[in-house]
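Chains A and B, in that order, give the protein sequences. FYI, the numbering for the first sequence is 1 to 114, going by our numbering. FYI, the numbering for the second sequence is 1 to 112, going by our numbering.
Don't take each hint at face value.
[Claimed, not checked] What follows is a set of in silico ranges between Cβ atoms, one per label pair, in the way DEER data are often shown: (1) Lys57/A - Ala78/B: 39 to 49 Å; (2) Asn22/B - Gly99/A: 37 to 47 Å; (3) Ser7/A - Asp31/B: 28 to 38 Å; (4) Thr30/A - Asn67/B: 12 to 22 Å; (5) Thr30/A - Ser12/B: 14 to 24 Å; (6) Asp31/B - Pro55/A: 32 to 42 Å; (7) Asn53/B - Ser5/A: 29 to 39 Å; (8) Ala2/A - Gln60/B: 18 to 28 Å; (9) Asn10/A - Phe46/B: 17 to 27 Å; (10) Ser5/A - Ala79/B: 16 to 26 Å; (11) Asp17/B - Asp63/A: 48 to 58 Å; (12) Glu68/A - Gln45/B: 21 to 31 Å; (13) Met54/B - Leu114/A: 29 to 39 Å.
Just so you know, these hints were derived from the structure itself, not from any lab. For each residue, glycine too, the CB sits at the ideal point set by N, CA and C.
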Amino acid sequence: GAGVSQSPSNKVTEKGKDVELRCDPISGHTALYWYRQRLGQGLEFLIYFQGNSAPDKSGLPSDRFSAERTGESVSTLTIQRTQQEDSAVYLCASSPYSGPRPQHFGDGTRLSIL
Amino acid sequence: GESVGLHLPTLSVQEGDNSIINCAYSNSASDYFIWYKQESGKGPQFIIDIRSNMDKRQGQRVTVLLNKTVKHLSLQIAATQPGDSAVYFCAEAGGAGTALIFGKGTTLSVSS
């Protein structure tokens with residue numbers, strides 16, 4: 001499809017395991033964003049990529065969280081040693097370039113830590 | 001810290017009514033504002049945006065109003081339909097960053 005694609009759509013894992021979440025942005029979009037949404041809450045910014053570089057990582061909550069982007073396309077968000085408080089929906093968005101313009105969101109990965 | 005908030009967590013209207021969803025923001029440096037609609041199990045869907053050099057912008061059945069004096073943003077939906085039922089978020093951006101700062105959302109329920 002033409003939209004932002006995220007996989008898996010749902011992930012259930014045990015506390016302490018590592019997880020990897022994937023985002024395929026809209027083709028040609030150079031800016032890519034990761035957000036976290038806890039149940040009933042708004043979205044919290046995690047990290048922003050421009051191309052393959054991450055000029056703003058200020059939202060990553062701890063060093064257990066990391067992300068990378070390759071080929072100015074696919075991005076992966078990795079959470080190591082997961083904790084129950086990591087349970088949330090992780091949303092990815094892309095836009096043609098950075099700055100004040102609409103970001104187009106995927107449907108997210110719902111992560112549940114047991 | 002600075003954040004975007006919404007005045008009411010829920011809003012219930014009848015089909016055909018006009019809906020107004022309000023949002024207050026605190027960062028006077030923000031120069032871009034955007035409204036999203038989020039249905040259950042889906043990602044946020046862009047509705048309309050506005051830059052700080054404007055005070056009103058209209059789309060199809062939607063209007064966004066920006067009052068910079070009191071740092072207030074509103075979304076008006078004309079002739080609300082059951083399909084408009086969702087959570088609505090406002091978000092702001094500006095200053096040196098590019099990330100959107102989201103409020104907690106207003107749940108709009110439309111009854112027929």
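Within 12 to 22 Å: is that where the Cβ-Cβ distance between Thr30/A and Asn67/B falls?
Violated: the Cβ-Cβ distance is about 33 Å, outside 12 to 22 Å.
Cβ distance range 21 to 31 Å for Glu68/A and Gln45/B, holds or violated
Given range 21 to 31 Å: holds, Cβ gap about 27 Å.
CB-CB spacing for Ala79/B and Ser5/A relative to the 16 to 26 Å hint
Taking Cβ atoms as reference, Ser5/A and Ala79/B lie about 33 Å apart, which means the hint is violated.
Okay, Asn22/B versus Gly99/A on CB: inside 37 to 47 Å?
Given a distance of about 26 Å, which is not inside 37 to 47 Å, the answer is violated.
Do Lys57/A and Ala78/B keep their Cβ atoms within the hinted range of 39 to 49 Å?
For Ala78/B against Lys57/A, whose Cβ atoms are near 41 Å apart, the range 39 to 49 Å holds.
Could you check the hint for me, namely that Asn53/B and Ser5/A are 29 to 39 Å apart, CB to CB?
holds (35 Å)
Just tell me: holds or violated, for the beta carbon distance of Ser7/A and Asp31/B against 28 to 38 Å?
holds (35 Å)
Could you check the hint for me, namely that Asp31/B and Pro55/A are 32 to 42 Å apart, CB to CB?
The hinted range 32 to 42 Å is violated for Asp31/B and Pro55/A, with Cβ atoms some 19 Å apart.
Just to be sure I understand the hint, the distance between the Cβ atoms of Ala2/A and Gln60/B should be within 18 to 28 Å; is that true here?
holds (21 Å)
Indicate whether the distance between the beta carbons of Met54/B and Leu114/A respects the range 29 to 39 Å.
Hint violated: Cβ distance 48 Å, outside 29 to 39 Å.
C-beta pair Asn10/A, Phe46/B: status relative to the range 17 to 27 Å that was hinted
With Cβ atoms ~24 Å apart, the hint holds.
When you take the CB atoms of Asp17/B and Asp63/A, is the distance between them in 48 to 58 Å?
Because 49 Å falls inside the window, the suggested range holds.
In summary, the structure is inconsistent with hints 2, 4, 5, 6, 10 and 13 from the numbered list given earlier, while agreeing with the others.
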